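Using the sequences and the hints, build the whole thing.
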Amino acid sequence: NAGVTQTPKFQVLKTGQSMTLQCAQDMNHNSMYWYRQDPGMGLRLIYYSASEGTTDKGEVPNGYNVSRLNKREFSLRLESAAPSQTSVYFCASRTRQGQIYGYTFGSGTRLTVV
Amino acid sequence: QKEVEQNSGPLSVPEGAIASLNCTYSDRGSQSFFWYRQYSGKSPELIMFIYSNGDKEDGRFTAQLNKASQYVSLLIRDSQPSDSATYLCAVNGDSAGNMLTFGGGTRLMVKP
Numbered sequence: 001n002a003g004v005t006q007t008p009k010f011q012v013l014k015t016g017q018s019m020t021l022q023c024a025q026d027m028n029h030n031s032m033y034w035y036r037q038d039p040g041m042g043l044r045l046i047y048y049s050a051s052e053g054t055t056d057k058g059e060v061p062n063g064y065n066v067s068r069l070n071k072r073e074f075s076l077r078l079e080s081a082a083p084s085q086t087s088v089y090f091c092a093s094r095t096r097q098g099q100i101y102g103y104t105f106g107s108g109t110r111l112t113v114v
Numbered sequence: 001q002k003e004v005e006q007n008s009g010p011l012s013v014p015e016g017a018i019a020s021l022n023c024t025y026s027d028r029g030s031q032s033f034f035w036y037r038q039y040s041g042k043s044p045e046l047i048m049f050i051y052s053n054g055d056k057e058d059g060r061f062t063a064q065l066n067k068a069s070q071y072v073s074l075l076i077r078d079s080q081p082s083d084s085a086t087y088l089c090a091v092n093g094d095s096a097g098n099m100l101t102f103g104g105g106t107r108l109m110v111k112p
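In order, the protein sequences belong to chains A and B. Going by our numbering, the first residue of the first sequence is number 1, and it counts up by one from there. Going by our numbering, the first residue of the second sequence is number 1, and it counts up by one from there.
Treat the hints with care, since some could be wrong.
With a cut-off of at most 25 Å between alpha-carbon atoms, the simulated BS3-like pairs for lysine-lysine come out as follows [as the list claims (entries may be wrong)]:
no. : chain 1 : residue 1 : chain 2 : residue 2
1   : A       : K57       : B       : K56
2   : B       : K67       : B       : K56
3   : A       : K9        : B       : K42
4   : A       : K9        : A       : K71
If you anchor each label on the Cβ, the simulated ranges turn out as follows [to be verified]:
no. : chain 1 : residue 1 : chain 2 : residue 2 : range
5   : B       : R28       : A       : F10       : 27 to 33 Å
6   : B       : E5        : A       : S107      : 24 to 30 Å
7   : A       : T54       : B       : E45       : 42 to 48 Å
8   : B       : N7        : A       : S107      : 32 to 38 Å
9   : B       : D55       : A       : E79       : 29 to 35 Å
10  : B       : G59       : A       : S18       : 30 to 36 Å
11  : B       : G54       : A       : Q22       : 39 to 45 Å
12  : A       : A82       : B       : N53       : 42 to 48 Å
13  : A       : D38       : B       : Q31       : 24 to 30 Å
14  : A       : K71       : B       : P14       : 44 to 50 Å
15  : A       : T5        : B       : D58       : 26 to 32 Å
16  : B       : Y51       : A       : G53       : 28 to 34 Å
17  : A       : S18       : B       : E15       : 45 to 51 Å
18  : A       : E59       : B       : Y51       : 32 to 38 Å
Calculated directly from the structure, the hints in this document are not laboratory data. Predicted model, so just to flag it, every value in this text is computed and none were measured. The C-beta atom is built at its ideal place from N, Cα and C for all residues, glycine as well.
Listed below in structure tokens is the structure:
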């Protein structure tokens, strides 16, 4: 089925460990995004990629890096995980509906850093 | 810092009533406005969008936009227990339309 696929769905890391969250979309969209969601704080943009080969910082980029591997894939890397990075991470791609663009979200990655 | 504000709730309404969810935003240049529904443990899903002042209706949902007052609202008529979820307001965050800025969400509880 068409959509945004995220892996893994759950992950527990120890402080200082690194990991990469994977995201892939099969809708041929140009723009992709990484958000984190913390209780009561809504979704906050970490990084985005407006097109293949470009990436830009969002509201909360510190402690993260991203790679737009190709048009389909946009990965998020935590180089040295910290407890403050415990969150739910959502990848999204930009969806056109008529003249309006919305987002299609992946199912999320629930990350706990201990 | 562009901001989108929502009352966190919970907003509790009886089944069959009208639920009214409100959102204010700080950036007067915002062009497009979205409502997402998010069930507990799930990802957000788009239910409505609006970009012109006034009302937009889709089934039981009506989005209302007032750019002069910088608020957008969502009305849910004939509320059902299945409408119980968190509703996220999102605003077009930049002129290129590449980013959405989200509010913190309002939790809606519809009681049978």
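Consistency of the hints with the structure:
no. : hint                      : in the structure
1   : K57/A / K56/B             : 33 Å, violated
2   : K67/B / K56/B             : 14 Å, holds
3   : K9/A / K42/B              : 11 Å, holds
4   : K9/A / K71/A              : 22 Å, holds
5   : R28/B / F10/A: 27 to 33 Å : 41 Å, violated
6   : E5/B / S107/A: 24 to 30 Å : 27 Å, holds
7   : T54/A / E45/B: 42 to 48 Å : 27 Å, violated
8   : N7/B / S107/A: 32 to 38 Å : 27 Å, violated
9   : D55/B / E79/A: 29 to 35 Å : 48 Å, violated
10  : G59/B / S18/A: 30 to 36 Å : 46 Å, violated
11  : G54/B / Q22/A: 39 to 45 Å : 42 Å, holds
12  : A82/A / N53/B: 42 to 48 Å : 44 Å, holds
13  : D38/A / Q31/B: 24 to 30 Å : 27 Å, holds
14  : K71/A / P14/B: 44 to 50 Å : 48 Å, holds
15  : T5/A / D58/B: 26 to 32 Å  : 28 Å, holds
16  : Y51/B / G53/A: 28 to 34 Å : 30 Å, holds
17  : S18/A / E15/B: 45 to 51 Å : 48 Å, holds
18  : E59/A / Y51/B: 32 to 38 Å : 23 Å, violated
Of the numbered hints stated above, those contradicted by the structure are hints 1, 5, 7, 8, 9, 10 and 18, listed in ascending order.
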